[in-house]
Amino acid sequence: MKGLKEILKHSGNYLTGIAAAPGLTIGKAYVFAKEVLEINHNEITEVDEAITLFNEALEKSQKELRKIFGFAKEKMGETRAAIFEAHLMILDDPVLIGNITARIKQEKRFPEFIVDDEISKYQQLMFSASEHYMKERALDIEDIKNRIIRNLQKKRWQSKIPHGVIVVSGNITPADTILFTKSSALGYITDHGGLTSHAAIIARSLNLPAVVGTHNSTEKIKDGDLLVIDGFHGIIFINPDENQIEYFTEKIKHLSEINQELQGLTDKPAETLDGRKINLLANVDVSSEIDLVITNGAKGIGLFRTEQIIEEIGEFPDEEEQVKIYSKLADRIYPENITIRAFDIGGDKVRQFDLQEANPFLGLRGVRLLLENENLFKIQIRAVLRASIHKNINFMIPMVSTLQEIKRTKLLFDECKAELHKAKIPFDKHLKIGIMIEVPSAAVMAGDYAAEVDFLSIGTNDLIQYLMAVDRGNDYVSDLYQEFHPSVIRTLAHIVHEGKKSNALISICGEMAADTLAVPLLVGLGLKSLSVSPSAIPSVKRTIRALDYSKAQKLAEECLILSSEDEIIKTIEKFFKDNLIQRTRNIL
Amino acid sequence: MVETTVKIVNKAGLHTRPAATIVKLASKYKSEFFISKDGLRINGKSIIGVMTLAAEMGSELHLSFDGEDEQQMHDEIFGYIKGGFDEL
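Chains as they are written, first to last, in our numbering: chain D, 1 to 588; chain L, 1 to 88.
No wet-lab data here; the hints were simulated from the structure.
A quick note: this is a predicted structure, and the numbers were derived from the prediction, not measured.
Please note that the accuracy of each hint is not assured.
Sample of chain D residues at the chain L side, in silico, Cβ under 8 Å [stated by the list, open to error]:
id, residue
1, Glu85
2, Leu96
3, Leu125
4, Glu307
5, Glu315
Only pairs whose alpha carbons sit at most 30 Å apart, straight line, appear in this in silico DSSO-like list of lysine-lysine [to be verified]:
id, chain 1, residue 1, chain 2, residue 2
6, L, Lys11, D, Lys410
7, D, Lys105, L, Lys30
8, D, Lys9, D, Lys253
9, D, Lys277, D, Lys432
10, L, Lys24, D, Lys60
11, D, Lys378, L, Lys7
12, D, Lys5, D, Lys410
13, D, Lys422, D, Lys324
14, L, Lys11, D, Lys324
15, D, Lys391, D, Lys432
16, L, Lys28, D, Lys73
17, D, Lys121, L, Lys37
18, L, Lys30, D, Lys60
19, D, Lys145, L, Lys37
20, L, Lys30, D, Lys63
21, L, Lys82, D, Lys135
22, L, Lys24, D, Lys135
23, L, Lys24, D, Lys63
24, D, Lys378, L, Lys24
25, D, Lys328, L, Lys11
26, D, Lys28, D, Lys251
27, D, Lys108, D, Lys73
28, D, Lys105, L, Lys28
Heads up, the beta-carbon is just placed ideally off N, CA and C, and yes, glycines get one too.
Using the sequences and the accompanying hints, generate a full structural model.
Listed below in structure tokens is the structure:
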């Protein structure tokens with residue numbers, strides 16, 4: 001079967017974006033254009049009646065927005081929904097409402113004209129600001145303005161989306177999400193937004209493929225175009241040719257067969273044929289993924305990336321908010337454990353701090369940045385401790401390169417514990433602390449560092465990047481990003497070996513663990529705990545269950561003496577073939 | 001009338017949540033309250049107004065309070081902004 005690369009090579013009819021929700025689908029496009037409201041700017045004679053109408057429209061809008069608020073809370077979590085509280089307040093703004101009412105009386109024109117004119121003034125001010133988030137704010141307010149106007153015109157919000165279409169839209173507001181969940185869309189494509197946009201979250205919660213942040217999908221795609229969404233790779237094909245249709249139809253067929261087979265694995269253990277138990281955990285980006293974590297049968301959360309909370313709500317969550325988020329996840333996953341990783345900010349992640357660094361990936365990121373901002377760090381540590389009352393939370397420090405960083409973090413922990421103790425606030429006194437091994441210095445020193453902490457977690461993405469000195473986002477050198485490079489494999493073996501000297505648990509949480517090709521090698525190297533994205537759990541589990549640990553160990557030994565990535569990959573592929581193990585990735 | 005200047009100390013600036021809190025605090029008082037920044041003067045009791053202020057960390061807001069409870073109003077709102085919106 002041809003690979004995706006080959007398909008892409010010979011075609012120009014595709015768009016790329018952010019792979020926001022996994023899955024594959026073929027369907028007709030429905031370009032969701034916002035209805036343009038016609039504004040009546042004529043004069044009126046009945047002023048009192050107009051003002052009554054205006055007040056009724058405000059009330060109706062409030063009612064609608066409260067409903068959406070409730071829905072958003074349920075689907076997107078309270079922190080994210082809280083932002084809409086401000087939007088509700090706008091409908092109650094004494095200055096805005098006062099001005100509009102006064103103008104209706106004075107100018108004697110249709111209220112919808114005055115509402116449009118008055119709110120647009122504020123939008124103009126927001127649009128003219130240089131800050132990007134102000135433009136988003138202006139777009140959000142458009143929703144409120146149109147809502148009032150539509151209620152003045154006593155029109156219904158657009159409520160008919162044809163069934164079974166792929167929705168293509170500029171951006172998706174919380175109000176739209178209600179509309180979309182009611183119809184049976186096949187998938188979503190948007191011009192704007194990232195992993196935490198409304199569209200991405202809603203698609204994941206509905207288990208539909210989505211590609212977001214395509215920039216120009218609404219320009220390139222016409223209503224009724226045939227589309228293929230590849231939510232695994234973030235690619236959309238527009239009016240695919242016969243070859244492409246055949247390719248994806250076959251893939252979709254395989255995928256559904258595999259999914260059926262994999263569903264049967266949920267309650268089965270991740271155990272090799274010869275009885276070695278592997279702890280198969282989930283990486284979680286946004287808390288709404290927890291449902292998939294549970295339905296796919298993960299034995300806990302091996303990595304919760306807290307910096308995504310900042311992305312999601314656009315600011316640093318305060319202590320109370322963090323306690324809420326962590327407690328909720330810990331409750332849901334109980335009696336299994338959750339490993340919460342401290343904010344990993346810097347590099348390419350979350351630009352809350354306006355740092356001008358020549359080499360951000362070698363700069364102030366992860367624990368380095370946290371130790372420079374102790375208050376922020378302590379708020380998070382306290383929140384994690386407070387959420388740990390059921391004793392199922394571990395805490396992990398990102399980007400550790402020196403022993404000093406571990407010791408300083410532990411001191412902050414002691415300070416926080418003393419503060420909570422003094423305030424008589426309960427917490428888990430034995431909360432486990434671990435570190436990410438993703439910087440080469442930490443990999444080399446793994447044995448010494450392991451003696452200081454309860455566990456090590458290998459972050460392969462950054463480790464490979466730093467080990468090979470390659471930025472995988474850089475097209476010129478991304479070929480050098482080699483998961484199976486012998487230096488990577490030998491480093492993993494070194495970490496496992498060093499970790500055995502103390503009692504520290506070792507797990508791996510990078511993307512590599514989700515690659516079924518890597519699974520026999522990782523298991524063979526002696527790793528007993530793998531943490532992967534929730535959607536990869538069934539396929540990884542199937543691979544583990546088809547393995548013989550003793551054979552996997554031999555495979556690892558063989559690979560450790562090879563000196564190129566090519567040879568290693570060929571050896572592993574042969575292993576799959578010889579042992580008749582199916583690989584999900586070939587079909588994906 | 002009480003007038004004062006205050007600096008935004010939060011990393012994330014004056015984002016939506018503190019904007020809402022400032023308006024809520026202001027609504028408890030009878031006095032008038034205005035915020036000025038870069039020539040833009042808005043009523044501090046108006047959420048849509050406060051939301052139009054793009055105030056990054058380090059930017060300065062000019063606050064003016066006028067009315068019977070101006071001092072208490074000043075103390076609470078000035079304290080809230082200066083203290084980093086209870087987020088630091």
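Hint check results:
1. Glu85: holds, 6 Å
2. Leu96: holds, 5 Å
3. Leu125: Leu125/D check passes; min Cβ-Cβ to chain L is 4 Å, inside 8 Å.
4. Glu307: violated, 13 Å
5. Glu315: At about 4 Å, which falls below the 8 Å cut-off, the nearest Cβ of chain L leaves the hint on Glu315/D intact, so it holds.
6. Lys11/L x Lys410/D: holds, 25 Å
7. Lys105/D x Lys30/L: holds, 26 Å
8. Lys9/D x Lys253/D: Holds, because 23 Å separates the two Cα atoms, which is no more than 30 Å.
9. Lys277/D x Lys432/D: At roughly 22 Å apart (the allowed maximum being 30 Å), Lys432/D and Lys277/D satisfy the hint.
10. Lys24/L x Lys60/D: holds, 23 Å
11. Lys378/D x Lys7/L: holds, 24 Å
12. Lys5/D x Lys410/D: violated, 47 Å
13. Lys422/D x Lys324/D: holds, 21 Å
14. Lys11/L x Lys324/D: holds, 22 Å
15. Lys391/D x Lys432/D: Distance of about 9 Å is within 30 Å: holds.
16. Lys28/L x Lys73/D: Holds - the C-alpha atoms of Lys73/D and Lys28/L are around 27 Å apart, at most 30 Å.
17. Lys121/D x Lys37/L: holds, 17 Å
18. Lys30/L x Lys60/D: holds, 29 Å
19. Lys145/D x Lys37/L: The hint holds at about 25 Å.
20. Lys30/L x Lys63/D: At roughly 28 Å apart (the allowed maximum being 30 Å), Lys63/D and Lys30/L satisfy the hint.
21. Lys82/L x Lys135/D: Holds: Lys82/L and Lys135/D sit about 26 Å apart, inside 30 Å.
22. Lys24/L x Lys135/D: Cα-Cα ~24 Å, so holds.
23. Lys24/L x Lys63/D: holds, 21 Å
24. Lys378/D x Lys24/L: holds, 28 Å
25. Lys328/D x Lys11/L: holds, 27 Å
26. Lys28/D x Lys251/D: Since the Cα atoms of Lys28/D and Lys251/D sit roughly 18 Å apart, the hinted pair holds (cutoff 30 Å).
27. Lys108/D x Lys73/D: violated, 40 Å
28. Lys105/D x Lys28/L: holds, 28 Å
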